[in-house]
Amino acid sequence: MSGVPVRSGVFFFLLAVALAGAGTTATVQFLAEARGPVDVEACGAMRCLPPALGVALAGGALVAATAWAGGSPRLLLLHAIAERFAEAVVLGAIAWVALPGEPRIAAAAITGLGASYLAVYLRVRSQGLGFRVNVPALFEAAPLFLVALGLLAGQVEVSLWAVALLSAAVLALEIVELGRQREPR
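Counting from 1, one number per residue, gives the positions in the sequence shown under my numbering.
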């Protein structure tokens, strides 16, 4: 491995992915180690500050990772995988602790996760086929920022449905953009 040249962009990209992993890990640890049944909807600024900060850190690291990827298809694919992992960990943990007491919150988390997966699958698949799909980096991390905001404000269900709507809107925009292209680049 010592003969492999390391570009600074790759180093910073991997660092950002590591921060995203650390943030999501902190979130899961806080939610999983809570003693007794967790009332996700009763989260307030102090009770849910650690997971909210972890989710926000993950979102910020993913935004930074997009900039550091430098347009490299391989790094962008790795970024998409890291993004899916972060969202699955965060939204899956919320769905997990919400059941069986808050099925609406669990449904909102799983719906948001599914819509986000469809949007990213379409983006990555289209780019792999040579089509142009431009989604601002902020929209990619917006689901995590919305969840962090919902945790801080005590409005987890509202923020999760906003994640689902945002992901569906991004998916619709990608479909329209792809529909306007007759052939790959």
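A few of these clues could be false.
[Stated by the list, open to error] Label-pair distances were calculated between CB atoms; the ranges are:
#, residue 1, residue 2, range
1, 117, 50, 24 to 34 Å
2, 155, 181, 37 to 47 Å
3, 84, 173, 13 to 23 Å
4, 118, 72, 21 to 31 Å
5, 67, 101, 39 to 49 Å
6, 154, 85, 19 to 29 Å
7, 129, 101, 41 to 51 Å
Just so you know, the hints here were simulated from the structure itself, not pulled from any lab data. From the three backbone atoms N, C-alpha and C, an ideal C-beta is built for every residue, glycine too.
> Which hint numbers doesn't this structure obey?
Replying inline: none
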